[in-house]
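Participant: Listed here are the chains, written in short residue letters.
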Amino acid sequence: MELVEASLARIAATDGRMHAFIHIFAEQAREVAKAMELLIGAGHVLGPLHGIPIALKDNIAVAGFPTTAGSVILADSSSTEDAAVTARLRQAGAIFMGKLNMHEFAWGGTSANPHYGTVANPWDTTRFAGGSSGGSGVAVAARMCFGALGTDTGGSIRLPSAINGVCGIRPTYGRVSNRGIVPLAWSMDTAGPLARSAADCALMFNVIAGHDRRDRTSSALDPDAADTTCDVRGLRIGVIRDYFDVHLQSNVKDAVARALAVLVALGARIVDVAIPNIQANISAQLTIEAAEPSAYHQQWLRERPQDYGEDVRTLLEVGELLPATHYLQAQRYRRVLRSDFLAAFKNVDVFIGPTLPFTATSIGATSVIIEDGVPEDMLAAIMRFTGIASLTGLPALSVPCGFDADGLPIGMQIIGRPFAENDLLAIAATFQSATDFHLRAPLFDAI
Amino acid sequence: MTDDAPPRGDAGVADPALTAQTVRALATAASLRLAPGREAILLPILRVWLADNAKLNALMQAEAYREVLPITLFECGGNESGVR
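Residue numbers (our numbering), protein chains in the order written: chain A, 1 to 447; chain B, 448 to 531.
Isolated chain B (complex conformation) (with noise of 0.2 Å):
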């Protein structure tokens, strides 16, 4: 398998979105020019943080955790109750 081969996911289908071709043309969406050879860099890294990430986003989806909202921040002035 080269690196730039589509990864298998967990139930042992390949997902061929993320590719080095994927990575540049992120970045190039992103405005972010890639010197030439990043995105090999880039692309196992992706691929490792972007599969655990999958689990947690799944994990999130859960039935129990529907109405937990994102821990924010908001600024706090002298008498404010801050949310946070």
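Excised from the complex, chain A in its bound form (with noise of 0.2 Å):
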């Protein structure tokens, strides 16, 4: 009960700023905190998150409430059904503090949602919080509850916990169930955690992985669980050095240069890599992630196209007129892309390099600089290291590794090969016990 009240405690002193929360649980709460007090008096632990307050997205859904996604056209949904995720964190004993505000049915990189107010940075409320997860990011990141789930088609589990300075994590396409959940691409749509150390990520991680029968996209592979930290002498750490290290803010450089010399302290080696053609993967990401969810939108964009936000509106028009061949160029790329990482895994165990190229920028932003003065269009920007791995369905997961000038969050995004969600958290437990980012809070007082 103390956990679930010290929650409703920081959502209540925070969140009116912060805009995280759609909907809070609080009485349904307390009550399911009560009850999971008497079970532990009597002997009984429901699993590993027994009595840990958890708050999901708003695209995930829970039995008997709404899932909007974060729109006005779904806010009176009520789903009678748990999300298969949400039906396992039930299991392990998980208390739901409430559902998370998110960018606009997903589609977006920044949680200015125009519906259910803007998702603040709590490092600097007048900085942005990612997206689309921005609820889930900012929710770990203020300590309104232990862990969130978010979900991720081209960065929006990786993006917000860069930009919030807390661990997430991208599954394997296929390792975790998307059942229930309101889908923006179908073939590169996943679900995964945020929470604020890399074990408590792997703890929820390994709660919702598994085959799902019901999801036709689910994985038969049900990888172990294994140990949460590891020995990282002589891990091959793969560096693309003419994309992962150029065109950079001048911190984010920095802090990946540092994190990587702390794990080559600890053992590990740096091997340049090469992939051909890497550049050619915003394209592709673009034009998959704006065909296939304007493919899902037809209906409701001609009933009503007002209901949408600007920017999202605008996103799915696009995708309605990009031609039939550009998509099906962009998912044979795909194929060489993922088939160039597989090969590149013969020589390395893991790829490491900034998950995003800039850290924070201001509240509605459109475009970013981040290098020389010059301004770029954000969604471009924001998804140039996170798309390699939502393409190639590998996993990734970005770890806090440092702060910028403006004492805002920067992270480290870690791919590796299909199902190494244990290893890429192990490699990252193991660096947060040789570094305290992970530890570190924004300033409530500030709020």
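Bear in mind the hints are in silico, worked out from the structure with no lab data behind them. There's no promise every hint is true.
Derived contacts from chain A toward chain B, CB cut-off under 7 Å, selection only [claimed, not checked]: (1) H44; (2) Q331; (3) Y333.
Note that the Cβ used here is the ideal one computed from N, Cα and C, for glycine as well.
Hints in hand, dock the two standalone chains.
Facilitator: So this is what it looks like as structure tokens:
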């Protein structure tokens, strides 16, 4: 009960400025907490998350509550059944604190939501929270809950993780069930945890992962849970210097370089890798991520276009007008890119680079300056590094690795082989055992 | 150059195809009724995206990639081996 009351107090004190939550389950959480206490008193523990306050992005169904996906179009929806991931968390004893704000229909990277409020960054409330799982990143960073679920199509777990200074993992495509989650792009959608540490992420991940025979995209492969730390001596870290190491804000470049030095000091070694034609991943990412949602939203876009936020409506309209051949070429390119990465894994164990090339910009910005004072389109810039795992289906996590001169978090992305989530989490946990970035929290007096 | 003027391609040759009228015609063909003025919003985005896609399309025409299939997703039954 203390954990729930502490979370509710934190939400009450901070969420008026953060807009991390769409629905808060205060009374339900208290009732469940009482039941959990009775169970423990009787010697029963439901699972590894027994009594732990968790919140869920509002495109993930919780039975009996709306699943708005950050929209007004679904504002009056009512889910009759838990999403698969919700059911697994519930069975493990998690207490749901509420549904988290997000970029509308997950189609954006800022969580500037015109219907439920713009999610603000707890490190600086004038800055954006990243997205589309912005509420998830903020709720964890601001200590409103102990963990959160998000979804990641083009980077929507990893981006708010990096921007808010928490750990988040996008699993291998098919590793976690998508059943009961409002889709964005069917061929790239995944769900995963955000938490204060890699160890907490691992705890949540191993609860939600696993085959779901009711989800046709779910993999039948069920790897065992592994140790939460590992010996990185001999770990071969692939660095794609002409892509991951160029055109970055200097703070980001320096932080990732120092993080790599930490891992090298622990015994890892750097292997320079080149992936041919990697630059084309942005076009492929944007094309697929535009065309698939536009197909899903066809009816609503025709019947009630005015009910979308301007940015999402624009992207949906653009997606309707892309040639089918462009979509297919993007899907062919995905196979090439995946093949190139799988071949590279013969010589490296993981790839490491920045999660994104810049730190949090001001709320409302549609462009970002990375280098030389030149403004660039926000959407393409924000997905430059995260799109790779989305296109290839590989697992990728973001772990805090520093702060910029303004005290804003910087994230490092670790990409692994298919189904290597526990290896990635163990590497991140080992990094966190040698650093303290994940232990820092925003100053709540300033909120 | 006005927003409605055709963009110049990589070779400096103007592409006469992509104009506001083109956008509206494509939308009509897709049974998408655009509100007045929407084509002016979509046009600059489409120009950039389609120009970038042209490079990707050209890449995928390379002889080395001639046999590459699109990633597709087949449903997997309990005992079927899926094709991905």
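Participant: The structure should be examined with respect to each hint, and the outcome stated for every one.
Facilitator: Comparing the hints with the structure gives:
1. Taken as an interface hint, H44 of chain A does not check out: its beta carbon lies about 33 Å from the nearest beta carbon of chain B, beyond 7 Å.
2. For Q331 of chain A, the shortest C-beta to C-beta distance to chain B is roughly 4 Å, which falls under 7 Å, so the interface hint holds.
3. Interface restraint check for Y333 of chain A: the shortest CB-CB distance to chain B comes to about 6 Å, inside 7 Å, so the restraint holds.
Of the hints listed earlier, the one the structure fails to meet is number 1.
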